[in-house]
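A.B. asks: Read off the chains here:
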Amino acid sequence: MVRQMSIIEANKLSFAYREAEALRDLSFEVSRGSFLAIAGPNGAGKTTLLNLLCKTLKPKSGSIKIDAVPIESYSTKALAAKVAVVRQEVLPVFGFSVIETVLMARTSHYNQLGFETELDKKIANEALEATDTAQFALRALGSLSGGERQRVFIARAIAQNAPILLLDEPTSFLDLKHQVGIYDLLKTAQLEKGKTILAVTHDINLAAQYCDEILLLGADGNYHIGETKDVLSPEQIKKVFGVKTFVGRLGQEKIFIPLGKFAKGSRLTVVEPDSNKQKNLWHMPP
Amino acid sequence: MEGLLTPKKLIIRFVSALIILAAVMFICSFVGTESISLKRIFGPADLQTAVNPDYEIFVHVRLPRIILAAIVGAALACSGVVFQALLRNPLADPYILGISSGAGLGAIIAVLSGLSWTLLGRSPIAVFAFAGALGTVWLVWFIGSLAQKPGTIGLLLAGVVVNAFFSALIMFLISVAKSQQVHATIFWLMGNMAEEDFLVLWLGAGCVTAGILTLFYISPQLNALCFGGDDARSMGVNVAATRTIAFAVAAFITAVAVSLSGLIGFVGLVIPHGVRLALGPDHRQLLPIGAVVGAIFLIIADTLARVVVAPAQLPVGVVTAIVGGPIFLILLIKHCRKVGWSGK
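Sequence order for the protein chains is A and B. The working numbering applies: residue 1 is where the first sequence begins, and numbers increase by one. The working numbering applies: residue 1 is where the second sequence begins, and numbers increase by one.
Source of the hints: derived by calculation from the structure; they are not laboratory data. Every residue gets a Cβ at the ideal spot worked out from N, C-alpha and C, and that includes glycine. Wrong hints could be hidden among the right ones.
[As the list claims (entries may be wrong)] Below, in silico cross-link-like pairs of lysine-lysine (DSSO-like), each with a Cα-Cα straight-line distance of 27 Å or less:
#1 B/K8 / A/K122
#2 A/K121 / A/K12
#3 A/K121 / B/K9
#4 B/K178 / A/K121
#5 B/K9 / A/K122
[Stated by the list, open to error] Listed next, the stretches of chain B that the computed footprint assigns to chain A, with coverage defined by at least 3 CB atoms under 8 Å from CB atoms of chain A:
#6 61–68
#7 82–91
#8 141–147
#9 213–221
#10 272–283
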């Protein structure tokens with residue numbers, strides 16, 4: 001069998017909510033084992049695209065193929081074996097524990113009695129270890145912080161053992177440390193487990209650091225896809241987001257800082273962490 | 001992973017609960033206005049009348065009523081569990097989608113029409129209530145699916161509206177009815193146990209057991225549904241089928257319960273929460289244990305209803321509300337934080 005390079009192929013996808021058009025003639029391919037960021041302004045159809053890729057929504061026209069098979073011909077269970085989804089902040093109404101939540105990814109593999117097999121438990125445990133959530137396995141989901149909870153949902157997605165992970169703004173509620181933590185986790189899953197990862201994000205800097213490719217969706221229906229370093233340019237960002245950015249370079253990485261009306265200038269000053277001037281800015285306790 | 005539910009753990013807990021249920025049934029069958037004793041039940045019949053009064057009371061008065069309470073309690077508890085999961089709403093109970101008002105409307109129509117036939121040993125009130133309950137759920141389901149395809153908000157709103165509308169109709173019919181008919185209706189609306197013959201009990205027990213087994217069979221899917229339809233679907237759960245089966249079965253066993261005993265409140269709200277707070281939210285455990293606990297609860301409540309104002313009797317619905325309310329509050333205060341049940 002010829003190994004398929006593209007694990008996801010979208011061809012001329014269009015979608016509209018009643019009158020409001022969300023996506024128009026979107027075509028792209030995602031190669032196996034790559035990390036794709038999906039970025040764009042609010043209302044550009046990023047979450048819609050994610051929902052199309054996991055069959056929560058049906059496209060108005062166009063087609064999606066997962067592993068060269070049209071998405072319509074997958075059963076719910078078969079699709080779950082290919083695609084795992086991490087949505088934005090879902091909390092169950094009742095207090096399931098972390099391990100119960102992660103094991104739920106195995107629901108369609110339970111034995112005849114409706115219980116987890118040893119294999120299910122092993123897979124769930126590995127997912128907990130991989131996401132560094134094993135230490136609170138027995139705690140209720142609701143008692144965790146946002147960052148911890150997000151890691152649990154990523155653990156659940158990993159436990160589903162699907163080659164494709166879709167994430168909807170996985171870091172939008174998290175502080176800097178946890179944002180980086182989540183992306184480290186995803187990158188590890190990509191590199192070590194060969195997962196194909198698609199993450200909707202507003203953070204183009206993190207996308208530039210971690211993702212191989214970026215799909216930039218414009219609100220006008222235009223889109224750009226390619227390697228992050230090619231797609232992300234100040235002109236492109238101005239065009240798509242309608243905002244001016246400052247571009248700097250940090251080693252190999254480009255960094256973008258949005259400049260609003262009241263921005264105080266566009267000359268980047270590199271602040272040395274150990275300089276005396278920097279220290280003086282801190283109010284040290286005597 | 002010692003915190004996980006295993007089949008062994010579930011069976012041990014379920015059997016323990018069953019033993020407690022048997023003990024409660026045994027004890028409650030000896031509580032009542034007439035005192036009976038085990039020795040006399042199995043003793044010889046009265047020589048003059050050739051009947052054993054203790055045996056007659058035990059088999060034809062106490063036992064049927066206790067079995068009836070067990071069936072109704074189990075059905076309402078399981079139905080409450082399922083509606084709370086499906087609507088993702090801790091305030092849901094078996095009556096939330098209008099079953100109560102539909103059944104009530106059916107019952108009052110039966111009372112007013114003065115029919116006097118029986119069907120499978122059931123009075124017209126029971127038959128009309130059953131039909132009214134199922135008809136209303138279907139109507140609510142239909143309106144809800146028109147309003148908003150997969151969501152639960154449309155369904156809840158449809159339930160509220162239909163409930164309000166049918167309640168208004170009930171009030172209208174009550175206000176034009178004769179006082180004797182009104183009394184019969186109100187007694188029914190408050191939830192009431194009576195001594196039923198064994199055909200009715202077997203039928204009821206069969207329907208409710210089959211329903212609970214079906215719900216247990218889909219309980220892993222119900223767990224996943226607590227995270228919402230989209231999440232459950234992406235975990236490989238057939239959401240539409242699970243929802244439809246769960247709704248239909250929960251509505252059916254509620255209708256059976258309502259047609260057996262009228263509108264008994266609180267069981268379907270308190271028992272699911274109590275069991276969930278004590279043992280966790282896993283439906284594989286919540287359904288079987290909830291069924292047994294619901295049965296135990298309603299047997300005790302009905303025994304109280306029989307004896308508290310003896311020789312008169314209270315409607316059991318009054319007892320469940322008076323007993324259930326405080327129990328629920330204590331459980332809530334004690335365990336809410338520990339389980340993190342509110343989500344935050």
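A.B. asks: It remains to establish, for every hint, whether it holds in the given structure.
C.D. replies: So, going through the hints one by one against the coordinates:
no., hint, in the structure
1, B/K8 / A/K122, "holds (19 Å)"
2, A/K121 / A/K12, "violated (41 Å)"
3, A/K121 / B/K9, "holds (16 Å)"
4, B/K178 / A/K121, "violated (64 Å)"
5, B/K9 / A/K122, "holds (19 Å)"
6, 61–68, "violated (count 0)"
7, 82–91, "holds (count 5)"
8, 141–147, "violated (count 0)"
9, 213–221, "holds (count 5)"
10, 272–283, "holds (count 4)"
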